[in-house]
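Enquirer: Take a look at the letters that make up each chain.
2 protein chains.
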Amino acid sequence: MADSAAPVVDVPALTALLDGTYVEVRNLTRKRLVEYAGVLEDAREMSREKFRERVKQIVVELAGTGQTGLGFPVGYGGGGDIGASVAAFETMALGDLSVLVKVGVQFGLFGGAILQLGTQRHHDAYLSDLVSAKLMGCFAMTETGHGSNVQALGTVARYDVETREFVITTPDDASRKDYIGNAAAHASTAVVFAQLEIGGASEGVHAFVVPIRDGRGRVRSGVRIEDDGPKIGLNGVDNGRIWFDDVRIPRENLLNRYADVTETGVYVSDIDNPDRRFFTMLGTLVQGRVCVGGAGINASKVALSIAVKYALGRRQFGNPGGEEELILDYGLHQRRLFPLIARTYALHFAQEVLAGQLHAVFSAADEVDERTRRALESRAAGTKALGTWHASTTIQECREACGGAGYLSANRFDALRADTDVFTTFEGDNHILLQLVAKGLLTDYSSSFGELDQLGMVRFVAGIAVDTVVERTAVHKLLERVKDILPGGDDWAQEAEIVDSEYQLAMFRWREEHMLSGVARRLKSGIDAKLDPAEVFSKCQDHVIGAARAHVERLVLEAFVDKVRATPEGGNKSALYILCDLYALSVIEADRGWWMEHGRLSSSRSKAISREIGDLCRKLRPIAEGLVDAFGVPAEMQAAEMLA
Amino acid sequence: MADSAAPVVDVPALTALLDGTYVEVRNLTRKRLVEYAGVLEDAREMSREKFRERVKQIVVELAGTGQTGLGFPVGYGGGGDIGASVAAFETMALGDLSVLVKVGVQFGLFGGAILQLGTQRHHDAYLSDLVSAKLMGCFAMTETGHGSNVQALGTVARYDVETREFVITTPDDASRKDYIGNAAAHASTAVVFAQLEIGGASEGVHAFVVPIRDGRGRVRSGVRIEDDGPKIGLNGVDNGRIWFDDVRIPRENLLNRYADVTETGVYVSDIDNPDRRFFTMLGTLVQGRVCVGGAGINASKVALSIAVKYALGRRQFGNPGGEEELILDYGLHQRRLFPLIARTYALHFAQEVLAGQLHAVFSAADEVDERTRRALESRAAGTKALGTWHASTTIQECREACGGAGYLSANRFDALRADTDVFTTFEGDNHILLQLVAKGLLTDYSSSFGELDQLGMVRFVAGIAVDTVVERTAVHKLLERVKDILPGGDDWAQEAEIVDSEYQLAMFRWREEHMLSGVARRLKSGIDAKLDPAEVFSKCQDHVIGAARAHVERLVLEAFVDKVRATPEGGNKSALYILCDLYALSVIEADRGWWMEHGRLSSSRSKAISREIGDLCRKLRPIAEGLVDAFGVPAEMQAAEMLA
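Respectively, the protein sequence lines represent chains A and B. The numbering of the first sequence is my numbering, which starts it at 39 and goes up by one. The numbering of the second sequence is my numbering, which starts it at 39 and goes up by one.
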């Protein structure tokens with residue numbers, strides 16, 4: 039609950055709170071960003087070709103400092119710290135995002151695939167060179183006609199028992215690799231995802247190391263590469279398309295951590311179920327999603343820092359004769375920007391929890407159970423979706439809030455908006471990711487069903503009682519306590535204080551449980567009515583997505599509330615409470631129609647929430663600058679001409 | 039009300055219906071766009087400098103064909119048809135938008151100012167040359183520190199009675215002209231808005247013709263011009279900043295239709311009230327807003343055409359073993375795209391009404407009364423705001439709905455999104471425009487009060503009874519009939535059919551009236567409580583904007599319903615009814631929290647509306663392609679690589 043007066047914010051302490059465990063890594067990254075601040079202008083002024091080379095050069099130099107290898111084993115020149123590598127990556131999102139994405143492609147996707155899907159022989163062969171960026175690679179998973187449905191991709195890797203080689207082939211244009219970062223110019227090696235075929239039988243999607251360029255940068259025979267051409271943003275990254283025309287690679291180039299092919303062509307794997315094997319392989323690549331979500335959240339911080347400062351310098355209209363009013367003093371301007379600041383804090387703390395879980399799972403001495411891994415993947419998917427949509431919305435609103443000045447590239451919104459735009463699509467389309475979240479909730483991350491596709495999920499849910507679905511969910515247990523905690527018993531939704539975190543949590547939890555059971559009920563009744571599962575799913579799809587979003591928003595609020603409660607008494611805690619209330623109430627306001635439809639919000643209470651949001655914004659007005667300063671965005675990254 | 043089955047759409051007839059009165063002009067414009075289709079690739083491939091020259095060249099060539107001069111008097115080489123000029127401009131928005139905006143700057147802003155604010159001597163001196171694009175000009179109104187508040191701009195035009203000249207001066211950097219299209223490279227002449235000073239007394243903002251470059255393109259002495267540099271989009275337009283250092287121009291260069299200065303320095307005007315004079319001058323420039331709103335709506339058509347076609351070719355997931363499903367068969371995909379198609383139709387017809395009113399007012403033989411002019415300006419402001427926000431939302435959603443392919447520049451969304459982004463800002467920031475709409479509603483476009491600024495408006499409204507404010511509004515009269523038309527008497531909101539246009543209209547009208555009276559009440563109680571008017575306004579600002587938006591959405595629905603009713607029976611009428619229902623119900627769904635808060639929508643009815651939207655989307659699925667084809671976007675303008 040927020041205090042009544044505007045608190046005093048201790049900016050350095052708040053920055054330290056935000057930076058958390060990895061304050062040193064983040065500060066070092068900020069230093070690097072400042073050293074390379076010139077790249078922001080290069081992005082505006084250089085031709086696409088030149089800028090690509092510039093970005094490559096920066097990535098190579100950063101690799102030399104150790105900045106980009108924190109997540110790799112020490113023995114191969116890495117830092118041996120997953121959490122640190124995520125923190126470093128997130129913080130790099132304050133700077134040029136082509137550099138960030140090139141780093142992500144090289145060390146996260148390409149390097150991550152070698153590390154996670156390969157075994158000792160691959161590690162020994164590639165890791166040192168790729169960590170130092172001597173070996174540049176790409177991650178060739180997505181195909182033009184097969185994006186989100188990776189299991190359906192068309193590239194084939196046929197085992198030739200005679201020569202003990204795999205033969206990689208692109209059967210049609212829909213199966214060409216597409217949008218592959220590093221492919222158009224710089225990668226010498228690709229990790230290629232392809233359908234493994236042995237003796238005519240298909241064993242599903244596996245990953246292979248395929249050399250695509252020779253030592254002098256020439257495309258190898260049998261490989262065809264086309265530039266994807268100019269893009270909305272990220273034009274410092276060389277995305278391209280790759281076709282394979284019977285390209286032969288040694289048997290040892292199969293990344294064989296989860297499955298292998300013997301010399302004589304026998305397929306072996308410790309995981310019997312092919313779906314489960316596939317999802318286990320994909321699951322090891324979860325760090326990419328964690329990183330992209332964090333990058334979106336951090337890019338939002340840059341936009342908000344600039345927009346708030348502009349609004350504290352720019353005056354418009356006001357009392358005749360007197361000085362014009364600062365635009366941040368307008369109620370509407372506060373309403374546009376402050377809930378976005380609150381949501382940025384909320385997502386930041388949720389991301390911190392997620393990154394912590396990632397670190398724990400991937401640094402664990404013992405094998406982590408599958409349910410925990412699936413829950414992590416689900417949380418990563420959901421946070422990525424909300425974090426990247428938040429970036430799109432926030433940067434756009436900040437651009438508009440700066441008017442014509444916001445439209446000039448020198449003022450940063452151009453690159454921020456254009457570069458982050460694809461974040462909602464790559465590393466998993468956000469809608470598909472939320473479906474993944476919903477699937478996990480509806481099937482309780484059940485290891486025997488986690489591999490189901492959407493229609494399998496429909497059939498699974500239809501086969502069990504709705505109550506069972508709901509009772510298994512984590513939110514169900516949380517909700518059981520509500521009546522004990524909040525005043526009013528069953529009437530808690532009408533009687534609790536609006537600015538009570540327990541009330542807000544109860545509202546979020548109630549929505550999640552109700553939406554989940556609603557989805558389960560609809561899926562069930564569709565199947566009971568003998569409808570085609572595809573049709574049943576199609577009709578419920580927005581409901582499925584809604585339930586997933588409600589779930590993730592609940593996790594975000596819990597993370598924020600936990601953080602505020604753990605903060606020592608003082609101005610910062612009070613400020614965080616205001617932000618936390620503002621986040622929670624903004625979510626409730628945006629979806630108030632739903633809560634009213636379901637009898638959990640009265641008209642008068644709904645109006646009171648809107649009024650409270652206005653009050654919270656006015657409380658934040660005096661500390662708004664401190665709250666964005668606490669993000670710790672280096673001045674050079676806010677190099678907005680209009681703030682000069 | 040929509041029929042139950044999917045109707046058969048007659049695409050050519052629907053295109054003809056959309057094209058309306060100006061079908062020939064629109065078709066001729068489409069032909070021109072196809073002739074210049076190569077510019078879409080030029081925009082992606084050329085350097086900024088080269089592309090600017092290319093765009094200039096196209097504009098000059100188009101001028102030669104008469105395409106761009108339709109709104110000017112025949113005597114000066116124009117077409118003498120305001121309505122045709124708007125239709126031509128709107129249709130040009132299907133093509134490259136730098137060309138469009140350069141046309142808008144040259145012929146709409148610069149040419150429009152000379153035509154509307156000048157008199158015979160200016161017309162004779164400039165119109166023929168500017169219509170043929172021999173004379174290139176710019177419209178120097180906006181200043182860095184004075185955007186939306188034009189009355190507060192800082193540039194000074196001091197009359198020097200000795201030399202019978204005006205001396206134009208930029209007093210400080212906040213008063214430099216900024217974002218001025220055509221200024222950085224091509225304009226030889228500027229229409230400059232400046233504070234007229236005579237003998238130390240200020241007479242307010244007036245417009246002056248100021249030569250800024252000589253015959254060889256060199257910037258004239260006393261003028262300083264700086265390039266605004268790269269922008270988010272529209273990089274074929276040369277925006278720049280201009281400073282004036284005591285630049286002298288002859289007395290005759292004052293555009294003197296509404297006010298003049300005699301040789302001896304006496305200020306004369308037929309309009310006594312300086313505020314009224316200022317708003318009368320600005321009001322003559324309303325065509326620019328009409329054109330930008332129409333351009334936003336038409337750019338949306340391009341995006342929707344591409345996204346729907348992509349979704350009819352791309353398959354993803356589906357029943358195991360079988361072919362994957364078309365993504366347009368997913369309920370969520372329909373939910374994402376179809377309400378945007380419906381809203382595009384709705385806005386198109388609203389724009390048609392607006393353009394018709396513009397034509398009527400500006401082609402009238404007799405002087406049109408001031409109230410009608412103010413109502414036109416208000417409608418133009420509101421439609422521009424909704425049309426341009428719609429463009430931003432729609433293009434973005436279409437980009438995301440095409441995934442990674444949507445991110446490639448070759449697939450059109452890049453330029454569409456980047457170029458239209460500033461539409462929400464230029465020709466009036468959308469939020470400021472909606473405030474203008476609200477002011478008109480609250481003061482009944484009263485000529486003696488129409489000139490009030492926001493705080494004047496607060497004081498004015500506070501001074502009269504709330505009932506008086508409401509009774510004067512047009513919506514009040516419309517609402518009085520509701521009980522006679524709909525079943526259920528006072529319970530109409532619960533008893534009418536959801537898909538009855540009268541019910542939908544009643545809901546929109548009720549919201550508008552209620553929001554307006556709410557705003558009036560809040561303003562009044564704030565002033566009664568002796569609060570500072572600025573604070574009162576700031577606190578109500580989102581409510582003010584909300585009321586204006588409700589008003590414009592009502593006008594849009596009325597235009598759509600009128601059009602559907604006037605359409606002959608048949609498949610097209612049925613299709614339009616589905617779209618009209620979908621538009622209306624989507625608006626109600628989006629704001630259903632508000633209607634529930636105010637007792638006009640029950641929970642069960644609200645849920646029924648959401649279900650009906652799903653049903654309407656499914657009805658549209660078979661005719662979706664026909665509905666976007668009917669927009670008549672030339673195939674060359676949909677030159678999306680991914681559709682090939």
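These are calculated hints, taken from the structure and not from any lab test. Wrong hints could be hidden among the right ones.
You can't tell identical chains apart in this list, so a pair holds if it fits in one copy or across any two.
Said to hold, decoys possible - Dumping the calculated DSS-like pairs for lysine-lysine here, alpha-carbon to alpha-carbon at most 25 Å:
1. K521 <-> K88
2. K69 <-> K172
3. K577 <-> K347
4. K69 <-> K347
5. K645 <-> K577
Since the model is a prediction, treat every value here as computed from it, not as a measurement.
Enquirer: Now, for every hint given, state plainly whether the structure supports it.
Expert: How the hints compare with the structure:
Proximity of K521 and K88 under a CA criterion of 25 Å is satisfied in neither setting, with 63 Å inside one chain copy and 69 Å between copies. When the C-alpha separation of K69 and K172 is checked against a cutoff of 25 Å, the pair qualifies only within one copy, where the shortest distance is 24 Å, while the shortest distance between copies is 53 Å. In this assembly of identical chains, the alpha carbons of K577 and K347 lie at most 25 Å apart only when taken from different copies (21 Å versus 45 Å within one copy). In this homomeric assembly, K69 and K347 come within 25 Å of each other (Cα to Cα) only inside a single copy, at 22 Å, whereas the closest approach across copies is 47 Å.
For a Cα distance limit of 25 Å, the shortest separation of K645 from K577 across copies, 15 Å, qualifies, whereas the shortest one inside one copy, 32 Å, does not.
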